[in-house]
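Peer 1: Please model the complete structure; the sequences and the hints are all you need to start from.
Number of protein chains: 2
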Amino acid sequence: MKKQQKILVLGGDGYLGWPTAMYFSRRGNEVAVIDNFNKRKWERQIGVVPLVPILPLDKRVALWMEITGSVITPYVGDLKDSRFVRRVLKSFQPDVIIHYGEQPSAPFSMMNTVRAVETQVNNVVGTLNVIYAMHQIVPDAHLVKLGTMGEYGTPNIAIEEGWLDVTHKGRSDRVLYPKKPGSFYHLSKVHDSHNLEFACRVWGLRVTDLNQGVVYGIETEETGLATGLQTSFHYDAIFGTALNRFCVQAVTGVSITPYGKGGQRRGYLNIMDTLQCVELAALNPASQGEFRVFNQFTEVFSVNELAELVRNAAKDVGISASIRHIKNPRKEDEEHYYEPVHTALPKLGLKPQLLSSTLVESMLGKIIEHKDAIRKTSIKPRVSWMK
Amino acid sequence: MKKQQKILVLGGDGYLGWPTAMYFSRRGNEVAVIDNFNKRKWERQIGVVPLVPILPLDKRVALWMEITGSVITPYVGDLKDSRFVRRVLKSFQPDVIIHYGEQPSAPFSMMNTVRAVETQVNNVVGTLNVIYAMHQIVPDAHLVKLGTMGEYGTPNIAIEEGWLDVTHKGRSDRVLYPKKPGSFYHLSKVHDSHNLEFACRVWGLRVTDLNQGVVYGIETEETGLATGLQTSFHYDAIFGTALNRFCVQAVTGVSITPYGKGGQRRGYLNIMDTLQCVELAALNPASQGEFRVFNQFTEVFSVNELAELVRNAAKDVGISASIRHIKNPRKEDEEHYYEPVHTALPKLGLKPQLLSSTLVESMLGKIIEHKDAIRKTSIKPRVSWMK
Numbered sequence: 001m002k003k004q005q006k007i008l009v010l011g012g013d014g015y016l017g018w019p020t021a022m023y024f025s026r027r028g029n030e031v032a033v034i035d036n037f038n039k040r041k042w043e044r045q046i047g048v049v050p051l052v053p054i055l056p057l058d059k060r061v062a063l064w065m066e067i068t069g070s071v072i073t074p075y076v077g078d079l080k081d082s083r084f085v086r087r088v089l090k091s092f093q094p095d096v097i098i099h100y101g102e103q104p105s106a107p108f109s110m111m112n113t114v115r116a117v118e119t120q121v122n123n124v125v126g127t128l129n130v131i132y133a134m135h136q137i138v139p140d141a142h143l144v145k146l147g148t149m150g151e152y153g154t155p156n157i158a159i160e161e162g163w164l165d166v167t168h169k170g171r172s173d174r175v176l177y178p179k180k181p182g183s184f185y186h187l188s189k190v191h192d193s194h195n196l197e198f199a200c201r202v203w204g205l206r207v208t209d210l211n212q213g214v215v216y217g218i219e220t221e222e223t224g225l226a227t228g229l230q231t232s233f234h235y236d237a238i239f240g241t242a243l244n245r246f247c248v249q250a251v252t253g254v255s256i257t258p259y260g261k262g263g264q265r266r267g268y269l270n271i272m273d274t275l276q277c278v279e280l281a282a283l284n285p286a287s288q289g290e291f292r293v294f295n296q297f298t299e300v301f302s303v304n305e306l307a308e309l310v311r312n313a314a315k316d317v318g319i320s321a322s323i324r325h326i327k328n329p330r331k332e333d334e335e336h337y338y339e340p341v342h343t344a345l346p347k348l349g350l351k352p353q354l355l356s357s358t359l360v361e362s363m364l365g366k367i368i369e370h371k372d373a374i375r376k377t378s379i380k381p382r383v384s385w386m387k
Numbered sequence: 001m002k003k004q005q006k007i008l009v010l011g012g013d014g015y016l017g018w019p020t021a022m023y024f025s026r027r028g029n030e031v032a033v034i035d036n037f038n039k040r041k042w043e044r045q046i047g048v049v050p051l052v053p054i055l056p057l058d059k060r061v062a063l064w065m066e067i068t069g070s071v072i073t074p075y076v077g078d079l080k081d082s083r084f085v086r087r088v089l090k091s092f093q094p095d096v097i098i099h100y101g102e103q104p105s106a107p108f109s110m111m112n113t114v115r116a117v118e119t120q121v122n123n124v125v126g127t128l129n130v131i132y133a134m135h136q137i138v139p140d141a142h143l144v145k146l147g148t149m150g151e152y153g154t155p156n157i158a159i160e161e162g163w164l165d166v167t168h169k170g171r172s173d174r175v176l177y178p179k180k181p182g183s184f185y186h187l188s189k190v191h192d193s194h195n196l197e198f199a200c201r202v203w204g205l206r207v208t209d210l211n212q213g214v215v216y217g218i219e220t221e222e223t224g225l226a227t228g229l230q231t232s233f234h235y236d237a238i239f240g241t242a243l244n245r246f247c248v249q250a251v252t253g254v255s256i257t258p259y260g261k262g263g264q265r266r267g268y269l270n271i272m273d274t275l276q277c278v279e280l281a282a283l284n285p286a287s288q289g290e291f292r293v294f295n296q297f298t299e300v301f302s303v304n305e306l307a308e309l310v311r312n313a314a315k316d317v318g319i320s321a322s323i324r325h326i327k328n329p330r331k332e333d334e335e336h337y338y339e340p341v342h343t344a345l346p347k348l349g350l351k352p353q354l355l356s357s358t359l360v361e362s363m364l365g366k367i368i369e370h371k372d373a374i375r376k377t378s379i380k381p382r383v384s385w386m387k
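Those protein sequences? They're chains A and B, same order as listed. Anchor point for the first sequence: position 124 equals 124 in the numbering used here, and the numbering is continuous, going up by one each time. Anchor point for the second sequence: position 176 equals 176 in the numbering used here, and the numbering is continuous, going up by one each time.
For the record, the hints were derived by calculation from the structure and aren't laboratory data. There may be inaccurate statements among the hints.
Identical chains blur together in the list; that is why a pair holds if it fits in one copy or across any two.
[To be verified] In silico SDA-like cross-links for lysine to any residue, where the CA-CA straight-line distance does not exceed 25 Å: (1) Lys-80 - Met-111; (2) Lys-387 - Gly-204; (3) Lys-41 - Asp-81; (4) Lys-331 - Pro-139; (5) Lys-6 - Asp-81; (6) Lys-387 - Gln-93; (7) Lys-180 - Trp-203; (8) Lys-351 - Gln-4; (9) Lys-80 - Val-114.
Being a predicted model, the structure only gives us computed values, none of them experimental.
Peer 2: Here it is in structure tokens:
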């Protein structure tokens, strides 16, 4: 029943990009990916590695072909190079562009001036080149752009999906939802969103901005087809998220360390739901000129709730873990109101797979398998927001 | 009665930067300027020149010393070079940084991908380097940053000064005023504002963001001291504003050409009032951690009102000018609600000098003096928002 489309995945070598490419390929779409391997370069520069080694893109693409008979076409190049972007769009003529091709870490962006600038230039310029090339070459294509729930910060009012109806001094307007992001990385996504809204308004582009929560899990139907197809699992303080770090801490027998009071509440979703959401967006494109925003997560947890979930799941597999709060390296509210709306994707048909102790236990199992590869020192926070 | 301060003017070779440097120097402050002459480079690249030739910065600084006995220290370098920015801040130790150092033209930013990227990178990276260096070297200094009223667009509700009190679903918050800017240039200023608000919130910087209207006039007390001290007058379609273009059109005997219906309403102010506003901001700094926004203009006009003002002033000096509406190269509302608040600067003591036919007549007089230097072809719009 599903429409077959030409899908171009930006950042196709990454944690989400690669599973997305396989997901669409397996469903009969024609898939190409772009990557410049910046993420792998940054990992080497700061001295972290994913828990399980990840094959190079060309090897994964070849393995995919071997196993499924389907082609995923890799284009190797930098989105900051506008001529490269135009060349790929001319050659591939995508119907949908799914854009994960950005520097994804808040702590990385807060390391120093150079990393802050690198993050904002990489992310903003890449997206600018993509929208310019779309406008010139594939004006009817649909851009599905990954943003983050972190763009909103933690306002004292409900977080709507991208837009807010305001009445002020007796008059009304629908405005972009005001943002208060928490790092130069999150700010880069806010800048992207403003550039995208403009491109829709002035050029009539179709854009869906997915303000995604924190993704957990590493297994999808496709990664399960072969060891060589798996995607990256980061547990370090730069590229790893809280749930991953907590699981690795439990396995290595050190305390689980929430930052500060641990009352920080955020939206979360399973990697399988990311794929579902992106597919729903692709199958139900934004209208011409529409800047559409979805809040993409399925559940809200506090950091403390995650820490307890991991402690309890660890107990079930025979590991005794303790929780120890450490000084928060970030500057953020540690107790706050949080009421983000997230109804648009369920309305399109999203069937969420909620976080369970079963899933955490399976993550713990995977980590135990690779316990010897864990670099314990990389979990400790090394970037202070205030430095 | 005025406090003497160390004032660093970024973009000190420019239309507003140079008069600002002289203004503060003449009032006994210690003044330094930074410039990399990018603006002069861009003028050469696109083939436009100011109506009256402008001396190089070193010659203007020497002349200023000769006439007033005061030193304006020039630092030549690029704000995109973080080490250069740090070096200047360490050496000069400013109390106030007045930041005009950005690519200032909307049509320039809309020429093509390369110019869009150049504009956003130049403006955003420069400001990022400045705030990082302030945080590290002069955390108590006050940044007075020039933004633009064009960041707001033309919403259907009153435009407040940077922040908006919102009540939503029974709860309240004070949020950044939502933005809907009209070009990649205006977007770059929106990006700056978000980065600045973050730097105040997380690092405790003091920032005043001046959302300035369209500035007219080229004469200040200091430019009047010698011909060699004058500032630039642009009338071309890239760097010139509507009032300047209309005056030059009247003098050269071609029709005054408002874009589209001419109902576009904007805030305007005299260059002398820019200097007053910047001084008021410098003398009354933002508090530590405060991101303060002032809407900096004194009057609102529609493009049609400006066209008629010029036609009438021209008539008074014996020139018969006609008005002819041309296709709008921009994508913008040509008839819209516009109610921008601008009370903060008057509360600090701003005494505006409103736009009069006398001022327009004096501009016409100046243009007539240099009539032979006018390049008529440069007035015609050459950048389409839709291309």
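Peer 1: Enumerate the violated hints, using their earlier numbering and listing them in ascending order.
Peer 2: none
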